[in-house]
Amino acid sequence: MTPYLLCSLIFAIGVYAIIAKKNLIKIVIGLLLLEYAVNLLLVLVGYKSGGKPPIIVPQNPSTANFVDPLPQALVLTSIVIGLGITALMVALCIRLYEKYKTFDISKIKRLKG
Amino acid sequence: MNGMSPIVKATTKVFMGFITVYSLNIIAYGHLTPGGGFAGGTMWACGFILLVLAFGKEDAFKIVSQRAASVADCLAAFTFLLVAILGISAGGFFVNFLSKGKEFNLVSAGTLLWLNIAIGIKVSACLFGVFVALAIFKRSKTSSEVQ
Amino acid sequence: MNAHDILPLFVGIPLGAGFLLPVIALLWKKLVDILAVLAVLALVVMALCVIGAPSCIYKMGNWPPPFGVNLVLDPMSAMMVLIISGVSFAVTLYSVSYMTKFTSKPYYYSLLMLMIAGMNGVVLTGDLFNMYVFMEVGAIASYGLVAFGTEHEELEASFKYLVLGSLGSGFIIFGIALVYSNTGTLNMADMARIISAGGLNRLITFASALFLMGFGLKAAMVPFHAWLPDAHPSAPAPISAMLSGLLIKALGVYAIIRLFYHVFGLTPGSEYSYILMGLGLLSMVVGVILAVGQWDFKRLLAYHSISQMGYVMLGIGLGTPLGLLGGLFHLLNHSAFKSLLFLCAGSVEQSTGSRQLRELGGLCHRMPVTSATCSVASLSISGVPPFNGFWSKLIIIVAAVQAAFTTVPGTVQAGYIVIAAVTVLVSFLTLVSFVKVQKYSLFGALPDRLSGVREVSTVMCIAMIMLAVACIGLGVLSPFVLNGLVAPARDALMDGQSYIRLVLGG
Chain A
1 MTPYLLCSLI FAIGVYAIIA KKNLIKIVIG LLLLEYAVNL LLVLVGYKSG GKPPIIVPQN
61 PSTANFVDPL PQALVLTSIV IGLGITALMV ALCIRLYEKY KTFDISKIKR LKG
Chain B
1001 MNGMSPIVKA TTKVFMGFIT VYSLNIIAYG HLTPGGGFAG GTMWACGFIL LVLAFGKEDA
1061 FKIVSQRAAS VADCLAAFTF LLVAILGISA GGFFVNFLSK GKEFNLVSAG TLLWLNIAIG
1121 IKVSACLFGV FVALAIFKRS KTSSEVQ
Chain C
2001 MNAHDILPLF VGIPLGAGFL LPVIALLWKK LVDILAVLAV LALVVMALCV IGAPSCIYKM
2061 GNWPPPFGVN LVLDPMSAMM VLIISGVSFA VTLYSVSYMT KFTSKPYYYS LLMLMIAGMN
2121 GVVLTGDLFN MYVFMEVGAI ASYGLVAFGT EHEELEASFK YLVLGSLGSG FIIFGIALVY
2181 SNTGTLNMAD MARIISAGGL NRLITFASAL FLMGFGLKAA MVPFHAWLPD AHPSAPAPIS
2241 AMLSGLLIKA LGVYAIIRLF YHVFGLTPGS EYSYILMGLG LLSMVVGVIL AVGQWDFKRL
2301 LAYHSISQMG YVMLGIGLGT PLGLLGGLFH LLNHSAFKSL LFLCAGSVEQ STGSRQLREL
2361 GGLCHRMPVT SATCSVASLS ISGVPPFNGF WSKLIIIVAA VQAAFTTVPG TVQAGYIVIA
2421 AVTVLVSFLT LVSFVKVQKY SLFGALPDRL SGVREVSTVM CIAMIMLAVA CIGLGVLSPF
2481 VLNGLVAPAR DALMDGQSYI RLVLGG
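Here the protein sequences line up with chains A, B and C, keeping their order. Under my numbering, the first residue of the first sequence carries the number 1, and numbering increases by one thereafter. Under my numbering, the first residue of the second sequence carries the number 1001, and numbering increases by one thereafter. Under my numbering, the first residue of the third sequence carries the number 2001, and numbering increases by one thereafter.
Please keep in mind that the hints were generated in silico from the structure rather than gathered at the bench. As the structure is a computational prediction, the values presented were derived from the model and not from experiment. Glycine is no exception: its CB is placed at the ideal position from the N, C-alpha and C atoms. Hints are supplied without guarantee of correctness; some may be wrong.
Unchecked claim - The following label-pair restraints were derived from C-beta to C-beta distances:
#1 B:F1018 to A:N23: 50 to 58 Å
#2 C:L2027 to B:F1018: 31 to 39 Å
#3 C:R2202 to B:C1046: 21 to 29 Å
Said to hold, decoys possible - Computed list of lysine-lysine pairs in DSBU-like fashion (alpha-carbon distance at most 35 Å, straight line):
#4 C:K2439 to A:K21
#5 C:K2059 to A:K52
#6 A:K109 to C:K2436
#7 A:K109 to C:K2059
#8 B:K1057 to A:K26
#9 C:K2105 to C:K2030
#10 A:K101 to C:K2160
#11 A:K107 to C:K2029
#12 A:K52 to B:K1102
#13 A:K112 to C:K2059
#14 C:K2439 to A:K109
#15 C:K2160 to A:K22
#16 B:K1062 to A:K101
#17 C:K2436 to A:K112
#18 A:K99 to C:K2160
#19 C:K2030 to B:K1062
#20 C:K2439 to B:K1062
#21 A:K48 to B:K1100
#22 C:K2439 to A:K101
#23 C:K2030 to A:K112
#24 C:K2439 to B:K1057
#25 C:K2029 to B:K1062
#26 B:K1057 to A:K99
#27 A:K99 to C:K2059
#28 A:K109 to C:K2101
#29 C:K2105 to B:K1062
#30 C:K2029 to A:K48
#31 B:K1009 to A:K52
#32 C:K2059 to B:K1102
#33 C:K2029 to A:K99
#34 A:K112 to C:K2029
#35 C:K2030 to A:K107
#36 C:K2105 to A:K101
#37 B:K1057 to C:K2160
#38 A:K99 to C:K2030
#39 C:K2030 to B:K1057
#40 B:K1009 to B:K1057
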C-alpha cells in the first residue's frame, strides 16, 4: 500500500506544478517529476520482500527468490521516452524564449478563441 | 567558445580513453551484467560532451564532427532494424539466429551483442547531437540581458 | 506471401525509411521524395493484401504468448491499417509539393515515416506496453511535426500539445502499472481472460478510469480537448490532415475500443456504456457550438474534428451491434473527408496566403479542383446523401432509437430518444457551419487582391482527387463496404472470447 500512496503523492505534486506554475521551466520540471513518479511505481510493483537482484552469476545459477525483472525492462524504456520528451521540450523552450522574449506562460498567448 | 584552462585539457586527454573503454565494456557485456546499450551509450555521449566543454567548439568538432554524429545515428538505428529483419531467415522477426556459445562468455547470446552495440552507438551519437543542437544555438542580441 | 509473413513489415518499412532518409539526403536530394512515396505505396499494397485474410498472430522472436510480444491481425486491425495506409499515401503525395517552401524536407519525411510506423504499431500489437511505446513514438514525432515551421504560434501550440500529451501518457502508464500489479501480465488477451474470469475489482476499475483519461486526451474528448484547437491549425497542412484524420483515431479511439471491448468488457447498459455515451454527447455538442462562431478555416475544421469524434464515441458507447457498426463506419468516413478538408484548406492557404474566411471569396472560378473537392468533403461531413457521411450518421441515429426499445425489454427508455434528437440537431448545426464555409470561401465575388490566384500543382490535385473519389466511393458503395470491411471488424470486437482463443489458443 505504501508504494502506491507515496508515488501517487509525487505524481500529484507533478500535476500541481504543471497546472499552477507560470514559468516554462517549472512546468518542464513538473512533467519530469510526474514521469519519474510513474517509473518509481513501476519498479516498486515488482519487489518481493527478501528478494535478490535478477542476475544469474556462475556461482549461483538458480532463479529462486529473484525480484520481478519485467518491470525493470519497462522502466528502462520509459526513462528513454522521458529523455526524448525532455529534450524536445527544452528545445521548444529555447525557441519560445527567442521568439517571445519571456518564460512567463501567461504572456505567451497569441492563440485564442 | 574557447574551452577551458590547460589543466582541464590535459586531464581530458587522459580521461577520454578511460571513459570510452569503460562505456564500451558496459555496452558489450550488456547480456551478462547490468547496463547494456542505453546506459553505456549515455556514458559515451558524456565523454563527447566533455570534449566539447574542455576544448571548445571548433577544436572538438575536428575530432567528432556534427555530420558524423548525424550519419552514425541514422546508420546505427538502421543496423538495429537490419538485424531484426535478418532474423526472418531463421523463423521470424527478431529471432535470435546467431550461435549461442558457452555460457557467461562475451559471445553467448547471439544477436543480443550486436543489438547492444547498435543501440550504444545510436544513443551516444544522438545525445551528442542533442547537446550540440541546444548548446551552439546562436543567441540574438536582446536575449543576453535577461538571465 | 501470405498475410502472416508480412505483418512485421508494416512497422519495419516505415521505420527503415525514417532512419535512412536523412543519410540519403546527403547523397542525392531528389531521391528522398521518390523513396518516401515508394515506402508508403508499399504499405498501401500490403494493407490491401491483408483485408480478407484469416486472423492470425505473429510471434516476435518466436516467443509464445503470453511471454512474448505478439502482433495480432484481426478484422479491426485490418480496417485500421487500410485507413492509415490510404490517408498516408494521399498526404505524402500532397507534401511532395507543399513542403518545398520549408527548409529541411528530409527531416520532415523522416518524422512522418516514424509517425506512420508508430500508428501501425499501435493498431497491430497485442501487448499493452508495446502499444504504449508505439503510441509514444507516434506522439513524439507529431510534437516535432507540429512545430515544424518554427513561427510564434506553431511553437506555442506545440508546447501546449506536448505538455498535455505527456500528461495523458503519464496517466496511461500509471494505469498500466496498476493493471500489471493486479493481473501479472501485459498481454491484452491474457488480461481479458483473467478479468473475465475474476470480475472487476476496485483497482482495475480505477485503472480503467485512468486509461479513459489518458486515451481520451489523445482522442480529444471534451474535458480533455484543449490542445486540439491550437495544435491542428498551426501544423503544416498535410500534418494537420494526418493528425486530425489518423492520429486521434489510431492512438485514442482505437485504444479505447480495444481496451474497453476486449479487456474491460463493455456491454450495453453497463456503466462504461453510459460514460462513453455521455462523453461522446458532450464532445458532439461542445465541439459544434464552438465551431459555428469561428472565422479561421483550419480552426473551424479542428473544432469539427472534436464534434465528429463525439459521434464515434456515441456509436461505440451504445454497445449494440448496430451502434458499433455506425461508430466504426463513421471512423472510416471521417478519415477520408476530414483529411480532404484539411488538404483543401492547405491549398487555399498556399494560393491566397490567408486562412481567414472573411478575406476569401469566389475561389471556385480560379481553383476548380480545390473547390470541387472541398464541396464534396463539406457535403460528406454535413451528412448529405449519397455521400458517405450520411450513411454513417443515419446508422448511429437509428441505433440510438433502437437502443431505446431494446435495452430493457418491454419498456421505452426515453433518454435514448433524446440522444437521437440531439444527434440530429448537431448534424444540422454542422451543415450550417459548412454552408458558411462554402459561401465565404468558394462562392461569392472574388476580391481584387486575390485576382491573381492560380490552381495548385498537379501532385497536390491528384492527392485531393484521390481522397474525394474515396469519399464518393464509400458513399455510393456503402453496402459492400459495410459487409466486407466494417461488419467483420464489428463481429471481431463484440465477441471477446474469440480474441482470447485467437491469441492464447493458437
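The hints, checked one at a time:
At about 39 Å, the beta-carbon gap between F1018 (chain B) and N23 (chain A) misses the expected band of 50 to 58 Å. One distance hint, 31 to 39 Å for the beta-carbon pair L2027 (chain C) and F1018 (chain B), holds here, with the actual separation near 37 Å. The given range of 21 to 29 Å is broken by R2202 (chain C) and C1046 (chain B), whose C-beta atoms sit roughly 45 Å from each other. Restraint check: the Cα-Cα separation between K2439 (chain C) and K21 (chain A) comes to about 44 Å, which exceeds 35 Å; the hinted pair is violated.
A C-alpha spacing of about 31 Å is found between K2059 (chain C) and K52 (chain A), which places the hinted pair at or below 35 Å, so the restraint holds. For the hint linking K109 (chain A) to K2436 (chain C), the alpha-carbon distance of about 28 Å falls within 35 Å, and the restraint holds. The straight-line distance between the Cα atoms of K109 (chain A) and K2059 (chain C) is roughly 49 Å, outside the 35 Å bound, and the hint therefore fails. Taking the CA atoms of K1057 (chain B) and K26 (chain A), the gap is about 30 Å. The hint holds against a cut of 35 Å.
For the hint pairing K2105 (chain C) with K2030 (chain C), the CA-to-CA distance comes to about 11 Å; that is within 35 Å, so the pair holds. For the suggested pair K101 (chain A) and K2160 (chain C), the alpha carbons sit about 17 Å apart, so the restraint of at most 35 Å is met. Distance restraint check for K107 (chain A) and K2029 (chain C): the Cα-Cα separation of roughly 41 Å exceeds the 35 Å cut-off, and the hinted pair is therefore not satisfied. Proximity of K52 (chain A) to K1102 (chain B) is assessed by CA-CA distance (about 25 Å); at most 35 Å being required, the pair is judged to hold.
At roughly 48 Å between alpha-carbon atoms, K112 (chain A) and K2059 (chain C) are farther apart than 35 Å, so this suggested pair is violated. Restraint check: the Cα-Cα separation between K2439 (chain C) and K109 (chain A) comes to about 31 Å, which is no more than 35 Å; the hinted pair holds. With a CA separation close to 13 Å, the supplied pair K2160 (chain C) and K22 (chain A) stays within the 35 Å bound. Note on K1062 (chain B) and K101 (chain A): the hinted pairing holds, with a Cα-Cα distance of about 34 Å set against a maximum of 35 Å.
Pair hint K2436 (chain C) plus K112 (chain A) holds up; C-alpha atoms about 21 Å apart against a cutoff of 35 Å. Among the hinted pairs, K99 (chain A) with K2160 (chain C) is consistent with the structure: their alpha-carbon atoms are about 16 Å apart, no more than 35 Å. The hinted pair formed by K2030 (chain C) and K1062 (chain B) meets the criterion: a straight-line CA distance of about 30 Å does not exceed 35 Å. A distance of roughly 61 Å separates the Cα atoms of K2439 (chain C) and K1062 (chain B); the hinted pair therefore is violated under the 35 Å criterion.
Distance hint between K48 (chain A) and K1100 (chain B) is fulfilled; the C-alpha atoms sit about 31 Å from each other, no more than 35 Å. With a C-alpha separation of about 40 Å, the suggested pairing of K2439 (chain C) with K101 (chain A) is violated against the 35 Å cut-off. Of the pairs offered as hints, the one joining K2030 (chain C) and K112 (chain A) is violated, with about 40 Å between alpha carbons and a cut-off of 35 Å exceeded. For the proposed pair K2439 (chain C) and K1057 (chain B), the alpha carbon gap of about 57 Å is over 35 Å, so the pair is violated.
With a C-alpha separation of about 26 Å, the suggested pair K2029 (chain C) and K1062 (chain B) falls inside the 35 Å cut-off, and the hint holds. Pair hint K1057 (chain B) plus K99 (chain A) holds up; C-alpha atoms about 25 Å apart against a cutoff of 35 Å. A hinted pair counts as satisfied when its Cα atoms are at most 35 Å apart, and K99 (chain A) with K2059 (chain C) does not qualify at roughly 49 Å. About 27 Å separates the Cα atoms of K109 (chain A) and K2101 (chain C), which keeps this hinted pair within 35 Å; it holds.
Between the alpha carbons of K2105 (chain C) and K1062 (chain B) the distance comes to roughly 27 Å, so the proposed pair stays at or under 35 Å and holds. A threshold of 35 Å between alpha carbons decides the hint, and for K2029 (chain C) with K48 (chain A) the separation of about 56 Å lies outside it, so the pair is violated. Restraint check for K1009 (chain B) and K52 (chain A): not satisfied, since their Cα atoms lie roughly 43 Å apart, outside the 35 Å limit. Distance check on the hinted pair: K2059 (chain C) and K1102 (chain B) sit about 27 Å apart at the alpha-carbon level, within 35 Å; holds.
For the suggested pair K2029 (chain C) and K99 (chain A), the alpha carbons sit about 31 Å apart, so the restraint of at most 35 Å is met. Between K112 (chain A) and K2029 (chain C) the alpha-carbon distance is near 39 Å, which puts this suggested pair outside the 35 Å criterion. Restraint check for K2030 (chain C) and K107 (chain A): the C-alpha separation of about 42 Å exceeds 35 Å, so the hint is violated. Taken as a hint, the K2105 (chain C) and K101 (chain A) pair is honoured in the structure, with Cα atoms around 28 Å apart against an allowance of 35 Å.
About 33 Å separates the Cα atoms of K1057 (chain B) and K2160 (chain C), which keeps this hinted pair within 35 Å; it holds. Restraint check: the Cα-Cα separation between K99 (chain A) and K2030 (chain C) comes to about 33 Å, which is no more than 35 Å; the hinted pair holds. Proximity of K2030 (chain C) to K1057 (chain B) is assessed by CA-CA distance (about 32 Å); at most 35 Å being required, the pair is judged to hold. The suggested pairing of K1009 (chain B) with K1057 (chain B) holds, with an alpha-carbon distance near 13 Å, which does not exceed 35 Å.
When each numbered hint is compared with the structure, violations occur for hints 1, 3, 4, 7, 11, 13, 20, 22, 23, 24, 27, 30, 31, 34 and 35.
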